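Undergrad: One-letter residues, chain by chain:
There are 2 protein chains.
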Amino acid sequence: MAGEHGEEVVRNKQVLARDYIDGNPKETDMYLNTGTIRLKVPEGSNSVLVKNLYLSCDPYMRGIKANIPDRLFYSFAPDSPIVGYGVAKVLDSGHPDFKEGDIVWGVTKWEEYSLITLTGSLFKIQHTDVPLSYYTGLLGMPGMTAYAGFNELCSPKKGEYVFVSSAFGAVGQLVGQFAKLMGCYVVGSAGSKEKLKNKFGFDEAFNYKEEHDLDAALKRYFPEGIDIYFESVGGKMLDAVLLNMRLHGRISVAGMISQYNLDEPEGIKNLLAVVYQRIRIEGFTVYDYYHLFPKFYDLVLPYIREEKIVYVEDTAVGLESGPAALVGIFSGQNVGKQVVLVAPE
Amino acid sequence: MAGEHGEEVVRNKQVLARDYIDGNPKETDMYLNTGTIRLKVPEGSNSVLVKNLYLSCDPYMRGIKANIPDRLFYSFAPDSPIVGYGVAKVLDSGHPDFKEGDIVWGVTKWEEYSLITLTGSLFKIQHTDVPLSYYTGLLGMPGMTAYAGFNELCSPKKGEYVFVSSAFGAVGQLVGQFAKLMGCYVVGSAGSKEKLKNKFGFDEAFNYKEEHDLDAALKRYFPEGIDIYFESVGGKMLDAVLLNMRLHGRISVAGMISQYNLDEPEGIKNLLAVVYQRIRIEGFTVYDYYHLFPKFYDLVLPYIREEKIVYVEDTAVGLESGPAALVGIFSGQNVGKQVVLVAPE
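Chains as they are written, first to last, in UniProt numbering: chain A, 1 to 345; chain B, 1 to 345.
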């Protein structure tokens, strides 16, 4: 095909949303379509045209009842391609920071080719000796979430007691490993405990679904109490953790996934611990820490090259498999970080 | 009178507790007695013998149901003098840091003369050109509570929006003034709003008892939201504040006075704001900040000398008036910091 000025126009498979959504996405909220795209950026534009290689399935990709004032983008908008993180190859660029052939990661769309106008959320990949798909996880937004929330906010010290909820998620498995690499004692909770100890080297793990009394479970695994809690669950888990925090404990709050879709959030009763134990609770958004990527890569790339970090991916092949892969992460179907392989490099 | 070794033994009026207490003290929880005391420290002891000048009535002087792991001392113990902060004159000392004639502030007892063995909680007063009673408040533990919780933990910036609960208390009135001196906009809530604006220079004030909807009240006074909340109330007030915090807001938690004596604390429902607004909540104990007194005095003594700080004291005269004065602070009888004048210097 050729466009009106003779540039190449190609077919562009896409995954689109039917509408805004409320809560976790279902496969029927999405549909496949094939459009066309001109493989050139418009004259005078500073946007970037990419070929998508990997797309990322992340827990934030859902509808949330609460009004989030600073939400950067919606994953789901009516009859628009799903918006999310990915790794892509630059085919054409009107932006001075990117040129043809660059590999980038950042916010793209669920389609074969994308014209990216919000180039502020696009980052050129400098280190290509590691699997490119890692930039959707360990070396991308989830990795920085773990690093910022644990290493930066919590100032961990060797020997401290660390608890990670959602420990099997893309972020939680990294927090646990960063903590072990710091010489901490680490316990994780997840919907399944099997692999946390064997695979990711957590000291202990438990399945929160099997524990009727979370406070008792935490006291079993932390007889000395908890120094650092990486929070992504909220609700009853947070309330139980508060009862077990040590003096000067730190809680970094990446999210509260148990609370987003409730009509009324659960009440947290044990906040007095904040006074008694002089606890710091800090919510954060990873976007505030993107300037730390060079520092983070200095720390983590050697660990990857020396195979000191276990990083598991669950790869769905083909854009068509994207909706099922995305839906699956909300019921824990994935084993490790869920990615969608759109095209080999 | 003369002791067995010929030293002076004198009558020593005391205020004693009948028993441990639960909740706020009542006058009947205390009784007066007159004992005797030898005005010399025991041979070989490194304790300090003082004549008490001022005693301090502080909100922490009550029974608390919750088990506070690091509670430094009990104010009330059966048939023992009430323990609390005060200003005193050293009559004799076995400790190298103190000598006869020194004026000190710190933890003493409710009696005319005290033998102080825990000298770690005693501080020599270097600056005696300001009223000595100030060392029970502005220049003592409450002053450092305000300074540590506001200036240190919250890193206030000029123009930020500051909310102070218990704004009429010894700490709250100082937080409000420190905030004004930093160029912040300050609103206080208290059981009475009259004096907060006129006397202490708050920009606005409201009486929380007159507000059926705390969220609406806060939205009225903070249409732009709150950057810094100095928390000492907890419960419904905290829940309403969370709905009104701005991005990167900071909450320093000095206490949660509404919650201590409940059988079950109120549930806090709006903690999701911690994630959405990237809020930091930090509990603290003033004892962790006592090393900052020199820095604090460098800031605050010039303000006092230049009369840029309004500091109001409510002075009860005579040790006998102590029980009523202490009981009064829990029902808001005092106007400003409640002190008991035991003896003029």
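Keep in mind that a hint or two might mislead.
Where chains are identical, the list cannot tell them apart; a pair therefore holds if satisfied intra-copy or between any two copies.
[Said to hold, decoys possible] DSS-like cross-link-like pairs, simulated, lysine-lysine; straight-line CA separation at most 27 angstroms:
| no. | residue 1 | residue 2 |
| --- | --- | --- |
| 1 | Lys-158 | Lys-13 |
| 2 | Lys-40 | Lys-180 |
| 3 | Lys-219 | Lys-269 |
| 4 | Lys-269 | Lys-209 |
| 5 | Lys-13 | Lys-236 |
| 6 | Lys-40 | Lys-219 |
| 7 | Lys-209 | Lys-99 |
| 8 | Lys-180 | Lys-13 |
| 9 | Lys-209 | Lys-308 |
| 10 | Lys-124 | Lys-26 |
| 11 | Lys-99 | Lys-199 |
| 12 | Lys-269 | Lys-199 |
| 13 | Lys-219 | Lys-236 |
| 14 | Lys-209 | Lys-157 |
| 15 | Lys-236 | Lys-269 |
| 16 | Lys-124 | Lys-40 |
| 17 | Lys-26 | Lys-157 |
| 18 | Lys-124 | Lys-13 |
| 19 | Lys-99 | Lys-219 |
| 20 | Lys-209 | Lys-124 |
Read the hints as simulated data drawn from the structure, not as lab findings. Here the structure is a predicted model, which means the values were calculated and not measured.
Undergrad: State for each hint whether it applies.
TA: To see whether the hints hold, each was checked on the structure:
1. Lys-158 to Lys-13: For Lys-158 and Lys-13, neither the intra-copy (49 angstroms) nor the inter-copy (53 angstroms) Cα distance is at most 27 angstroms.
2. Lys-40 to Lys-180: Cα proximity of Lys-40 and Lys-180: none, with 47 angstroms in one copy and 57 angstroms across.
3. Lys-219 to Lys-269: both (18 angstroms within a copy, 25 angstroms between copies)
4. Lys-269 to Lys-209: both (21 angstroms within a copy, 23 angstroms between copies)
5. Lys-13 to Lys-236: neither (43 angstroms within a copy, 52 angstroms between copies)
6. Lys-40 to Lys-219: neither (60 angstroms within a copy, 50 angstroms between copies)
7. Lys-209 to Lys-99: neither (49 angstroms within a copy, 64 angstroms between copies)
8. Lys-180 to Lys-13: Answer is neither: 42 angstroms inside a copy and 59 angstroms across each miss the 27 angstroms cutoff.
9. Lys-209 to Lys-308: Cα proximity of Lys-209 and Lys-308: none, with 30 angstroms in one copy and 58 angstroms across.
10. Lys-124 to Lys-26: neither (32 angstroms within a copy, 69 angstroms between copies)
11. Lys-99 to Lys-199: neither (39 angstroms within a copy, 64 angstroms between copies)
12. Lys-269 to Lys-199: Neither. Shortest intra-copy (35 angstroms) and inter-copy (37 angstroms) distances fail the 27 angstroms Cα cut-off.
13. Lys-219 to Lys-236: The answer is within: 15 angstroms in one copy meets 27 angstroms, while 29 angstroms across copies does not.
14. Lys-209 to Lys-157: neither (30 angstroms within a copy, 45 angstroms between copies)
15. Lys-236 to Lys-269: For Lys-236 and Lys-269, the Cα distance is within 27 angstroms both inside one copy (9 angstroms) and across copies (12 angstroms).
16. Lys-124 to Lys-40: Intra 19 angstroms, inter 77 angstroms, cutoff 27 angstroms: intra-copy only.
17. Lys-26 to Lys-157: Neither. Shortest intra-copy (42 angstroms) and inter-copy (46 angstroms) distances fail the 27 angstroms Cα cut-off.
18. Lys-124 to Lys-13: Close inside one copy (24 angstroms), not across copies (78 angstroms); limit 27 angstroms.
19. Lys-99 to Lys-219: For Lys-99 and Lys-219, the Cα distance exceeds 27 angstroms both inside one copy (55 angstroms) and across copies (49 angstroms).
20. Lys-209 to Lys-124: For Lys-209 and Lys-124, neither the intra-copy (41 angstroms) nor the inter-copy (57 angstroms) Cα distance is at most 27 angstroms.
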